[in-house]
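Student: Here are the chains, one letter per residue:
Protein chains: 2
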Amino acid sequence: MGTVAVTMVEVWRGGLLESLHTGHGVVCDASGQVRHAWGDPGAVIFPRSSCKMLQALPLVESGAGAGLSPRQLALACASHQGAAVHVEAVSRWLGDLGLRDGDLRCGTEVSRDSDLRLAMIRAGEEPCQVHNNCSGKHAGFLTLNRHLKGGAEYVDIAHPVQVAARAAFEEVTGVDSPGYGIDGCSAPNFATTVQGLAHAMARFAVAGGGSGARERAMVALRDAMMAHPDLVAGEGRACTELMRAMGGRVAIKTGAEAVFVAMIPDLGLGVAIKITDGATRASECAIAAILVALGVLDAGHPATRRRLGAVLENRAGLAVGSVEKARGFCEGRLG
Amino acid sequence: MGTVAVTMVEVWRGGLLESLHTGHGVVCDASGQVRHAWGDPGAVIFPRSSCKMLQALPLVESGAGAGLSPRQLALACASHQGAAVHVEAVSRWLGDLGLRDGDLRCGTEVSRDSDLRLAMIRAGEEPCQVHNNCSGKHAGFLTLNRHLKGGAEYVDIAHPVQVAARAAFEEVTGVDSPGYGIDGCSAPNFATTVQGLAHAMARFAVAGGGSGARERAMVALRDAMMAHPDLVAGEGRACTELMRAMGGRVAIKTGAEAVFVAMIPDLGLGVAIKITDGATRASECAIAAILVALGVLDAGHPATRRRLGAVLENRAGLAVGSVEKARGFCEGRLG
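Sequence order for the protein chains is A and B.
First residue of the first sequence: 1, per the working numbering; consecutive thereafter.
First residue of the second sequence: 1, per the working numbering; consecutive thereafter.
Because the hints were derived from the structure by calculation, they are not lab data.
Watch out, some of these pointers could steer you wrong.
Here are some of the chain A residues that sit facing chain B, going by a computed Cβ distance under 8 Å [as the list claims (entries may be wrong)]:
#, residue
1, Leu16
2, Val44
3, Ser91
4, Cys106
5, Ile121
6, Arg122
7, Glu126
8, Tyr180
9, Gly321
If you want the footprint, here are the derived chain A segments under chain B, 3+ residues with CB under 8 Å [claimed, not checked]:
#, region
10, 8-14
11, 64-71
Ideal Cβ positions, reconstructed from N, Cα and C, are used throughout, including at glycine.
Here chain A stands alone, though its shape is the one from the complex (with noise of 0.2 Å):
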């Protein structure tokens, strides 16, 4: 997977090259054509968090999300930091349908929300599973769930919620996926190619023509998660902070191990990348330049500055480096 990848960022201190990111990385549109390649577009990759708007989707067209409000689709594909509106939201969303935090199948997690996590500490409190970033996710999956009226082990890979998650993978990506894993909140993920994935992020983007379900599901899931940033991850988080940059335009998501997508509807555009290493900091770099390259980003806005050329502060608060975009990476326009 790295023999072809591209060095896409490098990290910076004292003048010298103290580390490098390599990866692949594919803009596509809805045809399926390839605009701009990095990398090898082939390249199979687990797409983990970035595809929850893809696992939402027999959600919504099957209408089993029928009642849910554009704030719940939104937090069934985030990757949310379990602040207290994340929690609060997911744990009402439980409560609606009669079930209880011992019905997720996810995991507890300790809230990434630094208030309240200290405040869980100094209160004794111990994390549920409703702080679990995945826990919307999870949410929507018991919603299906109901309506499928499947058994309560729902993140099983032969499951009727599953199974239906990955038809709608596989349609939408265009590809047979080569493989599973078992991500982080312990549902299945599916494997397929950057160039995939970057096809059905651009499904997504172009939606909104036509009248079928499935079309009408992408249309209601990417604009939720364009009209809820806060919701899709959380304060100060990449993905929240550079879609409200870009004024709700565009949507984007994180996944772990470096995946990140967007989706670009003013361009009709699908985006994704793998840095190959799985390192974050990359990943958001790397697709920061490539919005900024596309004319969907502005490079001089803070939220921007912080993944793209961001400084390094040490433990007493001195810049002592930086996180660039790699030379010869995205240079200039993308036509």
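Given the structure of chain A, go ahead and fit chain B onto it with the hints provided.
Tutor: Chain B in isolation, oriented as in the chain A frame:
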């Protein structure tokens, strides 16, 4: 730096390669002869904390550290995790010097020891500079500074403490440093080559036959590290666990951005590696692979298996992947 790096570590999930890490590495003897190399031995790197024993040489050579115990010398070479044992020892050391936390220049850092960190949060206590993983190194700098009668700003590049550190660093690596960066703890960190760093480690490995101040300092620092692995890092950490697994016969040290070094007295060899992307999971796996291949670390030891073939567990505790030595890297015994 990345073009000739070799793939050292692979991250697997669901039977598919999810991420990989490339790097440079050298095993060398005290004459500077390269016995084994991967990637580019001449790659320029920042050793970061892996060179703390080099930075501590002037402390011992000058006689400034004559009254220090092996425990203090181990702390001078440490990236400790700010557990009670480390914080108390460094605080006592400062007290012995008639100095206090505010005399350190390393910056504050939240303790990496979960017991102490949680206790401090519950008690509403703010982290101090002694909690910084480099506070032992800085206590050593302050001890040398008292001897040299330098000013308070002992991390300035032109300060006698840093001038002495640079001279020792360049002499023992055998390389004129091509530049420096400012480290996480605000001290200058001098760049060198992977081969230069391995050569320095080999010199430490064979020290003991001569009677010069430098050789005696090398022996004192190396033996202090091997005798007190708990002080060099902390419970659960790679340096501590792997040094224990090797029965105190090898000294190893990690550095930020995925540097790792080893000094092996029994073989008269030094090792240095740098993972190009800066990922610690990979540097720990790769150094373990090299130490196993050199015959000084048991591949089956639990401490080894937590780094080499480490099982990745998800939030529900399921085994979902592993961090493996790359196929073709360090196969068989390194003669």
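Student: Should the hint that A/Cys106 touches chain B count as held when the rule is a Cβ pair under 8 Å?
Tutor: holds (7 Å)
Student: Are A/Arg122 and chain B close enough, Cβ to Cβ, to be under 8 Å, as the hint says?
Tutor: Nearest chain B Cβ about 6 Å off; hint holds.
Student: Just to be careful: measuring from the Cβ of A/Tyr180 to every Cβ in chain B, is the smallest value less than 8 Å?
Tutor: holds (5 Å)
Student: Apply the coverage criterion to the region 64-71 of chain A and chain B: a residue qualifies when its Cβ sits closer than 8 Å to a Cβ of the chain, and three qualifying residues are needed.
Tutor: violated (count 0)
Student: Holds or violated: A/Leu16 as interface residue toward chain B, Cβ cutoff 8 Å?
Tutor: holds (5 Å)
Student: Quick one: see if chain B covers the region 8-14 of chain A, three-plus residues with Cβ-Cβ under 8 Å.
Tutor: As far as the region 8-14 of chain A goes, the hint holds, because 3 residues have Cβ atoms under 8 Å from chain B.
Student: Per the CB criterion, is A/Ile121 less than 8 Å away from chain B?
Tutor: holds (5 Å)
Student: Any CB of chain B closer than 8 Å to the CB of A/Glu126?
Tutor: Not OK, violated: A/Glu126 not within 8 Å of chain B, min 12 Å.
Student: Given a cut of 8 Å on the nearest C-beta pair, is the interface hint for A/Val44 held or broken against chain B?
Tutor: holds (6 Å)
Student: Less than 8 Å between beta-carbons is the criterion; does A/Ser91 satisfy it with respect to chain B?
Tutor: violated (18 Å)
Student: Per the CB criterion, is A/Gly321 less than 8 Å away from chain B?
Tutor: holds (7 Å)
Going through the hint list in order, the structure does not satisfy hints 3, 7, 11.
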